[in-house]
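All chains should be modelled from the sequences, with the hints used to inform the complete structure.
Take 207 as the starting number for the sequence shown in the working numbering and just add one per residue.
Please note that a few of the clues may not be correct.
Claimed, not checked - Pair by pair, the computed Cβ-Cβ distance ranges are: (1) THR772 with PRO468: 47 to 55 angstroms; (2) GLU402 with GLY330: 38 to 46 angstroms; (3) GLY355 with GLY732: 15 to 23 angstroms.
Just so you know, the hints here were simulated from the structure itself, not pulled from any lab data. Virtual Cβ for every residue (Gly too), placed ideally from N, Cα, C.
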Amino acid sequence: MILAPPTVIGPVVSTSPQVRVDGVLAGATVEVTADDGTRHADGVAHANGTVWLPVGTPFTEGTTLVATQSLGGATSVPSVHGTPVLPPPHDLPAPVFEALLNQCSDSALLAGLVPGAEVTVKRGTTVLAVQVADRTRQWIPLSAPLGVGTALTASQTLPGVNPSPVAWSDPVILTDIENGVGVPQVVGPLTACQFEINFAGVVPTARVTAEFEDGSSASWYAPAEQFRALLPGRLVEGAVVVRQLLPTCGYVSGDGKTPVGPEQTPPTPAPQAFCPETRRIAVDGLVAGATVEFSTLSWDNAIGGWGPETPLMTAGAVGGLQQFDLTHVVGGGPGPIVNIRVRQTLCTRTSEPGFAREYIRPDETGGIRPSARPRIVDPVYSCARTVRLDPSGWGIGVLRSRRTGRQLADAFAPYVGVPMVLPLWFPLDAGDELAVDYTGCDAPQPTDVVEVRAVPDPLPDLKIVPPLPGDTDLVISGALPGARVVALVGHGIRSARTTTDGSATLPLGAPLEEDDEVWAYQRLCGATGNVEGSVVVRRGKLTLSVAPATVVSGTAATVTVTATRTDTGAVVGGLPVVIGAASVGITGTAFALTPGAAGPLTGTVRGGPRYADAAFTVTVTAPPPPPTGATLTLQLGGFGGYGSPISVTKVTWQVQPNWATGPVTGTGTTATVSLPPPPAGTPNPLASVYLTEFEGTRTDNGIPFKLWPDALAPMTNVGLTKPTLHVGFLLTTEIRDVYDDNGNIVDRIWVAVIRWQGTA
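Structure below.
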């Protein structure tokens, strides 16, 4: 087995007590060393994907870390792209409370931590926790119950640098648990060999536990109402029993038993085009805990197809989208194009392969250069924890501070030219300047420099999409990128989210009712937006349109009533449409309507509990008078007058209406035919005119020649727009050659060419 080089995940600072390594295989011995040769951490990975290793020898600022893994007598090459060891920020950032706290919370989820810093959490002057941060985001156990409406503070200190500002939590909320706490929901079916469970319907900060078929168990703190939990081992067929606990309040939910079915074949991975120079590939669609196998294929001109598959490397999947360093340079140069084939295996089931082609330069056949230059989305504010690129670049990207030169985030774009969000290693400082540098495969020039702005104080008010009764989410816009957005109902906090692009959808839990008061504000870097005010929940107003707006009395029609929200323009389908006392259909879907007497026909769209009723009108017109018959005068001209060489001796016309009746005939160069009236309701009545018989001669130099008709039928279609119509035709003649089967001219004849000229 050829082992893939693992990846050291940043940020790493000189004070980090742990280091994360991705891409490892279960049972592998993983070592982290610096480019100066110092071994800093080692340990055994207990599952495919990720391992956290305790640091033995402290890291040295300015060095670069790489990792190897060893298994079954094989050892991988070191990481291709090392991770720098950074000094701790000179000014420690303020921690961020991520999960909403309630009266039963016994732990707080903090982000923005500097590994190795001492974190202190207080309620007023009472110290609730003192703990050294292992990671940038972690749970901090609290030593005392929390009071509803109070707010906690958090700060972090580290010798030799300035302490952080004090960060405040959102006020502690009162969770409605009078009737106990519900059983957590397991989202989606569970199958053997899975390494993850998705939960929903949980109380933020609650403990969620799972007991497995083999007698083992696991527990997690819930960061939000829904979250993804990684398991310590594979699921086995049988069942999983889940529950949630709020120990501080003494609440334990009932048991939820979810069956675990037999193992399933994992989905096909989606590897992205790779750049040979960078020795890195991104693979999407991975399942946590899977074994990922890479192989190569090259085009063979000798056989006119792809050559044999060659094993490349094996790695462990963290899940979702993951980046892997390659063991060596794959493709590139003047040789044949190379594909990388990727499969993933869970237990005994292996997926179909996904294919990735090496990046083709723009000057080569099939090469494509993204049309837009990469760009950092401005504005970027201090304390932000993410930066957006739109579009992203290609090749290997690194977000750097132009002021210090330090790396602030990885900016390797798995998808070329699409927007992406870069998680920052640490919050930004006002006045710093940011740019992304790219290398490899015709990589673009660095992005334009963007200056980090100070957070305005006060923060701007948010824009709230007017909520309706029954809504379970509050949609907002106008937030600063990176801000914490808080939603309130009846002046009580319901939820909070961190936004990356200025908009957010905040879950509210219980559906809103009419006359509820809702509000939202934002917080960033200690500044807070407008916390006062409210939007009253009202039934929405509808704007209606009807198509067609006019129908004919007594005639069946298909009608569609379209409803849109007056304030947002959003289409609202599925509302009942009522005419008179009868329900005839729903909005957005066509329904049949046969109206009665002429005049305005009024209907109503029933808005139910969410929208006010709205009226519409369909105009009903009287039916047109019954159709009458038509008289057609058919006249053939173009040969009359003194000295004309043309003589017409026989003309027979046939007129066929487009309704169920037989044809009508007439004779002579001028013929009048009468058509019966069409049945009522006949759309666009018309008649087709045919010339079924023609005889005539043309005399040249005293010799008469027979005229052969060119095309007898149909001559034209006449729309019956009035009772009496005159239809004119023109006769001209021309000589044509007659050929035998061998293409020899055997005769010349005169042809009568008759064409429709007009109808009046």
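Range hint 38 to 46 angstroms: satisfied by the CB atoms of GLU402 and GLY330? At 39 angstroms between Cβs, range holds.
Range hint 47 to 55 angstroms: satisfied by the CB atoms of THR772 and PRO468? The hinted range 47 to 55 angstroms holds for THR772 and PRO468, with Cβ atoms some 52 angstroms apart.
Could one say that the CB atoms of GLY355 and GLY732 fall in the range 15 to 23 angstroms? With a Cβ separation near 20 angstroms, GLY355 and GLY732 satisfy 15 to 23 angstroms, so the hint holds.
Hint check: no violations occur; every hint is consistent with the structure.
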